[in-house]
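For the protein sequence lines, the chains are A and B, in the order given.
According to my numbering, the first sequence is numbered sequentially starting from 1.
According to my numbering, the second sequence is numbered sequentially starting from 1.
Be a bit skeptical, because a hint or two may be false.
Which chain A residues stay away from chain B? Per the calculated CB distances, all over 12 Å, these [to be verified]:
| hint | residue |
| --- | --- |
| 1 | R164 |
| 2 | L350 |
| 3 | L424 |
| 4 | G596 |
Rough simulated footprint, nothing fancy, chain A against chain B, three-plus residues with beta-carbon under 8 Å [claimed, not checked]:
| hint | region |
| --- | --- |
| 5 | 306-313 |
| 6 | 316-329 |
Keeping only pairs whose Cα atoms sit at most 27 Å apart, straight-line, the calculated DSSO-like set for lysine-lysine is [what the hints assert, rightly or not]:
| hint | chain 1 | residue 1 | chain 2 | residue 2 |
| --- | --- | --- | --- | --- |
| 7 | B | K316 | A | K192 |
| 8 | A | K420 | B | K311 |
| 9 | B | K335 | A | K233 |
| 10 | A | K563 | A | K538 |
| 11 | A | K433 | B | K10 |
Hints were generated in silico from the structure; no laboratory data involved.
C-beta: ideal position from N, C-alpha, C; glycine also.
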Amino acid sequence: MSKKIDTIVLEEVVIKFSGDSGDGMQLTGTQFSNTSALIGQDVSTFPDYPAEIRAPQGTVGGVSGFQLNFGSKAIKTPGDFADVLVAMNPAALKANARWIKEGGTIIIDSDTFNKKNFKKAEFKSEKPFEELKLEDRNIIQAPISFLTKETLKGMGMTTKNVLRSKNMFTLGIIYWLFNEPLDLSINFFKKKFKKLPKVAKANEMALRAGFNYAGTVEALPRNYKVAPASIEKGFYRNVSGNVATAWGLIAGAERADLNLFIGSYPITPATEILQELTARKDLGVKAFQAEDEIAGICTAIGASFAGNLGVTTTSGPGLALKGEAIGLAVITELPLVIVNVQRGGPSTGLPTKTEQSDLMQALYGRNGESPAVVIAATTPSDCFYYAYEACRIAVEHMTPVILLTDGFLANGAEPWRIPKMDDLPKIKPPFAKIGEKYLPYKRELEKLNRKWAVPGTKGLEHRIGGLEKMEITGNVSYVPENHEVMSKQRAEKVKRVENFIPELKIYGDEDAHLLIVGWGGTYGHLLTALNEMRKDGKKVALAHFNYIFPLPKNTFDVLSKFKKIVIAELNLGQFANYLRMNFPSLEYLQYNKIQGLPFTVVELKENFNKILEAK
Amino acid sequence: MKKANVKNYKSDQEVRWCAGCGDFAVLNAVYKAMAEMNIPTEDIAVVSGIGCSSRFPYYMGTYGFHGIHGRASAISSGVKVANPKLSVWQITGDGDALAIGGNHFIHVIRRNIDMNLILFNNQIYGLTKGQYSPTSKMGAKTKSSPFGTVEQPFNPGELVIGARGKFFARVVDANIKMCTEIFKEAEKHKGLSAVEVLQNCVIFNEGIYNFINDKKEKSDRQIFLKDNQAMIFGKNKDKGLMMDGFKLKVVEIGKNGITEDDILIHDAQENDTVLHNALINMHPPEFPIAMGVIRAVKEQHYDDLVEKQIKEVQEKTSIRNMDDLLNSGSVWEVK
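Could you put the whole structure together from the sequences, leaning on the hints where they help?
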């Protein structure tokens, strides 16, 4: 029986794949977003998974999700609410019930919707859709497990292995629903399972079976088409925030003609940066998996002393452990990049969730007057540029630089126009000259940096360390006035970085009634909220910060132009308080969220509109 | 080999240890060892943590880095791996290496990074003025144990072996000649060379090693081990070590039919740890204390393996720079 298919053209779609943490939802989501990006749609993704590797099967706590937003227009966020939710079991449905759009579609594996699983997901009844008040959504109950088993019957595989392909059956359904091609995924299976051709074949068969099933089943009367986005010409690839960070560090070292050394200890959600760098032996990266966070940074400091560009990567609790050693890098005035992928805190907190609550720790979490540069990345792909910036500032100004990203940026991915290395400015390490008398703390006039003398160079032998040093000579000094001089010089050196960073710019209306202020990983959501509000005729503007310490020189001039300022951040107001301290004459409103989740555009607009309306 | 001038290895800074401190002797022995081996000053990096002995780098005419408490092993690991041609010397104490830096200590040994780790063991915290350390004897009365400690001490050598160390030597500060000789052995050994210096703290633990350093008795109370030589000691070279079941025993040569041929021959290069551990654990008065190179086993070392792995990967790869990497894998063109 053939069926007549209507195809509807959409501008933008949000899909969320969800299932047990062993159901392969991350892979499914990644496959869809890769395909979507490769055919020229713009995409933004956000994986959301539990801290446990395999939380109890079938429970809400064990649900792993992958959300993606793709469209023919510029996509800046993974989307607030899903147009399509895939729920591989009742727990997945329950965990995501509040994130399905009015009028959205829910696709479930009906074979898993049974008594046993309702109980595991703690449903009170056996009517999950009624219980969750989702009856009015477009519900497609597909016997995915059964059909996958039927498809792969006779392959000589165990039931357990056969069921591993049910995510690909599901992907097939979604590919049909949005008219996306299968071949990219099929090629992926062939490559990934090169040594296991049977597995590659099983995945391909399941994918095709899902696609064909969707094309014939009555429940899906129509499908959709999203046109390619009109994006800038050039070569593109998909990149996650963590990989972009790792590559930005390599790029920084390469443009500085330095060897890159990373000393790190695995910690969620930063581990992937370490992993990516350990794999880059082809580019000469020396990666040292240390015995702990402290050893991670201390090896990196040792490496910088020895003439490499030392970097260390971590997340909140690890940054706390590194505090003393950051002070050592401050006083020895060596280049060092510390990447902090922020997660929910305090303590172990929410290891796999996102937050912006390490700002104060990054700025002040050390003993003594211990200034370090703090910058923040704003999108998954611009983690590359800010990692590169961190290297540039660290090397040219001889200072530790803390780069803040977060779990949302780290795991999120987007298509990225590949840069050319020649387009990035060269980084010039301030090496000491051979043949001149070397004075370790003699400063350059412009930046106030000291010079870098690398062990192995004849005639530049010197000693540095954690004790206060005499200015110029670098000998140990307890002279009271000298300590003040050195403290001020260290502070001034970091402050002068403001002369070497871009000015703050404004998105939106110069004469806005409300200035939205954000920093770091909330950029996509804030910008989308801004654009939508302006479409609605509101006069709003956005100032988004990448450079936190020092702030851009024109910060006060920009902020003081607006009558109302609201600072939106994923914490209880750390950047707001930081601005209050720096520019006390201005008045700041706040919008804060601290749920381990990114903002939604809807809540941002709602709150900003309220502020606009208030007198 | 032509010796260099000892002066080259000295900095212009005044050495600030207490008069009579054992550290002076060790510093001089380090100058001498470096000069005798003629290591270019620019190729040496001396790295330390915190403590009296950790001021060491400031007195060197080489490259030096004075770190933070306990982290010298980690900092020096970074120095060596980043710049493997350097001769790296880590200066540390019983508090720095075995208490606050215990974790880094066992891991730098396990990794077998090619450097010399000189551990000054005075069984006390000097810089904080007299608290007990992880090597203070059980019952030691100190500023923080007025009624005596109630905890067992570490034996550093035993810890080195427990961490799968390949080189361990022991010297005493009073014997500059011995120190110099052993530091040279440590420098020659490829991999991590741990040297325990029994060091006298003249202020807070004065005389702790007097028993074994006693001029008249020291040849009975110390045995200087040399590879491939019989384990003989004593004023008259008439005592030796033998196995008694799984344990060591002291015997007298010429008595009970024991001849020199019955005495154990020291094999520092033996990978098996049993005898080395037994030697490390010998204590007076029953046994002499073992000095010299107790263990020196050839083994691959981390810094070298890192270089080799990078070289191997680079020989095979088509990715030679960042542009190559950026354009590798799944890349598409938007026209």
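Do the hints match the structure? See the list:
The Cβ of R164(A) sits about 23 Å from the closest Cβ of chain B, beyond the 12 Å cut-off, so the non-interface label holds. At roughly 27 Å, the least C-beta separation between L350(A) and chain B is larger than 12 Å, which holds for a residue marked as non-interface. Listed as outside the interface, L424(A) is inconsistent with that label: its C-beta sits roughly 9 Å from the nearest C-beta of chain B, within the 12 Å cut-off. Distance check for G596(A) against chain B: the nearest CB is about 31 Å away, which clears 12 Å, and the non-interface claim stands.
As drawn, the region 306-313 of chain B meets chain A at 4 residues by the rule of a beta-carbon pair under 8 Å; at three or more, the given contact holds. For a cut-off of 8 Å, the count of residues in the region 316-329 of chain B with a CB near a CB of chain A stands at 10, and the three-residue condition holds. Annotation: proposed proximity of K316(B) to K192(A) holds, straight-line Cα distance about 21 Å (limit 27 Å). Restraint check: the Cα-Cα separation between K420(A) and K311(B) comes to about 26 Å, which is no more than 27 Å; the hinted pair holds.
Straight-line distance between C-alpha atoms of K335(B) and K233(A) comes to about 5 Å, which keeps the hinted pair within the 27 Å bound. Only pairs whose Cα atoms come within 27 Å are accepted, and K563(A) paired with K538(A) is accepted, the gap being roughly 15 Å. Distance restraint check for K433(A) and K10(B): the Cα-Cα separation of roughly 23 Å lies within the 27 Å cut-off, and the hinted pair is therefore satisfied.
Consistency note: the structure conflicts with earlier hint 3 alone.
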